[in-house]
Every structure is written in C-alpha cells, then in structure tokens.
Amino acid sequence: MAVDHVSFGGWENNVRIENGRTELIITLDVGPRVISYRTADCTNVFKTFSAQLGQTGEREWMSRGGHRFWLAPEHPVLSYLPDNSPVAHRIISDHEVETITPPAEQLPIRKILTVTLDRVSSRVSVTHRAENCGDKPMPVATWGLSVMVPGGCEIIPLPPRGEHPRYLLPNRSLVLWPFTHMTDPRWRWGERFITLRQGDAGPTKIGLAHRERWIAYHREDSLFLKTIEFREDATYPDFGCNFETFTNEEMLEVEALGPLVELAPGASTQHTEHWDLFEGASVPPRRDEEAIAWWITPWLERVGLAV
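The opening position of the sequence shown corresponds to residue 1 in the numbering used here, with each subsequent residue numbered one higher.
Keep in mind the hints are simulated off the structure, nothing from the lab.
Worth double-checking, as some hints may not be accurate.
Unchecked claim - With a Cα cut of at most 25 angstroms, we get these calculated SDA-like pairs of lysine to any residue:
#1 LYS47 <-> HIS274
#2 LYS47 <-> VAL3
#3 LYS47 <-> ASP29
#4 LYS47 <-> GLY10
#5 LYS47 <-> HIS95
#6 LYS205 <-> PRO170
#7 LYS47 <-> PRO170
#8 LYS205 <-> PHE179
#9 LYS205 <-> HIS95
#10 LYS205 <-> ASP29
#11 LYS205 <-> PRO137
Given these sequences and hints, build the entire structure.
Dropping the structure here:
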C-alpha cells in the first residue's frame with residue numbers, strides 16, 4: 001500500500017492511493033473529487049471533462065467529472081456553490097485519506113470526505129460527512145455522485161414481486177423528474193431489474209427508496225458496483241430517495257444520498273458507500289432478466305451480495 005502526491009490532468013496537487021491492484025486519485029487543488037478509479041487492467045471508470053481539468057478559481061461551479069460530494073436537496077447554494085479552490089487533507093494511514101472543505105459564508109457547512117482503499121482488493125469505502133459550523137439549523141442530506149464514463153449500461157435491482165391478495169401493501173417507490181419520459185428507449189422497466197443505457201440523448205432521471213443495496217454499471221469489460229444503505233427509520237430527500245440516477249449525452253451518474261436531517265449547529269450527518277471494480281466482465285444480456293441475474297450473480301457473490 002502507498003499514499004503519495006502526483007500530478008493529474010494539469011493539477012500538480014493530488015493524492016494517490018494504490019495497493020498494487022487498484023489506484024485512486026483525489027484532487028486537492030479543487031473539489032475534492034475522486035477524479036480517477038481504476039484497476040491495473042482497466043482505464044478510469046469515471047468520466048472527466050477535459051476542458052475543466054487543471055483549472056482552479058472559476059467563479060461558477062464546475063462538474064469536472066469523477067466522484068463529488070454535494071448536499072441535498074438540490075439547490076443553487078447547497079449543490080452548486082463553486083468548489084474551485086484548494087482543500088485541506090490528512091493522510092490517516094497508508095490506505096486512507098481525509099479531505100476537508102471549509103465552510104463558506106453562503107454555506108456554513110464543513111464537508112469531510114474520507115476515502116479508504118482495501119489492502120488487497122478494489123473495494124473502496126467513501127464516507128461523506130457534513131458538519132454545521134453556523135449558528136442556525138439547516139435541512140440537509142449528504143449526497144455522493146459518481147460520474148461514469150459514457151457508453152455503458154446501469155443495472156438497478158428491484159424488490160421481489162408478490163401475488164394479490166396476499167400482499168396488500170406497496171413495497172417500492174419510483175420518483176420521476178419533470179424532464180423524464182417513461183417512453184425513452186434508454187430505459188427498460190423490467191420485473192427484476194431496471195436498466196438504463198447511456199447514449200446520445202438529453203437528460204433523464206429517476207430516484208428510488210432503494211433497499212436492494214447495490215447498483216451496477218458495465219462498460220466494455222469493466223463492472224462498477226456501488227453498495228449503499230437504506231435506513232427504515234430515516235427520512236430521505238426527494239420524496240424518500242436514497243438512490244438517484246441521471247444521464248445525458250455525456251455521462252451517467254450513480255448517486256447515493258444520506259438521510260435528510262435538520263442539522264443543528266455543531267452537529268454532523270453522514271453516509272458511507274462502497275465501491276468495487278472488476279475487469280473481464282462480459283457484456284450483460286440485453287432483455288432476458290433471468291440471464292441478467294445469472295450473469296451478475298458471480299460478481300455479486302465476490303463481495304457478499306445476492307440478486
């Protein structure tokens with residue numbers, strides 16, 4: 001294991017964590033962003049916007065790509081306040097780094113992003129913690145957005161169906177945004193899975209109260225898995241979403257949200273998500289859901305998950 005400082009995309013100040021198998025790069029001149037996540041045998045699975053790399057000090061918020069730490073509900077200040085200046089960091093160990101974004105006048109929230117790479121595998125744990133440094137309570141939720149390279153397919157598991165009249169209560173919710181067309185051919189609304197293919201089309205987005213824990217994104221021969229939690233005793237943003245996904249013609253986002261809380265002065269809130277990255281994954285079946293389940297089961301079993 002090693003943690004060192006490297007250049008990336010025109011920025012000279014970045015932290016790299018690597019274990020001989022997997023590499024993470026975190027920006028320190030802006031953001032922070034986990035700007036790259038790759039194994040030795042695959043390219044970066046995160047989309048980066050080349051025209052926005054290597055720059056600092058812009059007056060407007062920049063996506064840049066990678067994985068970013070936002071606050072929900074989506075709002076010009078909570079979400080789009082520019083994060084284009086340097087951040088502090090602390091090397092906790094040879095496999096764990098903490099970055100700290102200081103509070104701002106418009107947003108008195110300190111954001112602490114802790115990234116931990118497993119010693120032998122591609123497993124990454126990412127904790128997003130928000131601390132209220134102001135003197136008034138604020139309704140906020142932590143929000144982690146992974147911006148994936150284009151050209152892939154997202155697989156979202158659904159809870160099991162049940163027969164009527166034995167099951168009388170609902171067991172799932174689906175939240176739609178005003179710009180989402182359910183006839184959009186990028187979506188497939190299945191019985192066991194929702195799939196979303198990134199393609200050359202405009203924005204679309206959904207959210208779920210996602211109790212199935214995992215979401216997958218496949219591109220070429222790499223498979224990215226994000227694992228999240230759902231707390232039954234918590235309130236989540238956007239009509240109860242702990243998971244959201246957005247895509248347009250440039251990229252696809254796999255998003256996890258923490259509970260929505262009235263964050264008191266001096267208090268903090270957080271959520272943790274886990275990533276796994278595998279190479280050598282064949283193309284998933286397009287429409288046969290039993291075949292999709294058969295295809296993804298071995299990858300899920302490697303990290304202790306099930307369809």
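*Does the structure break any of the earlier hints, and which numbers would those be?*
7, 9, 10, 11
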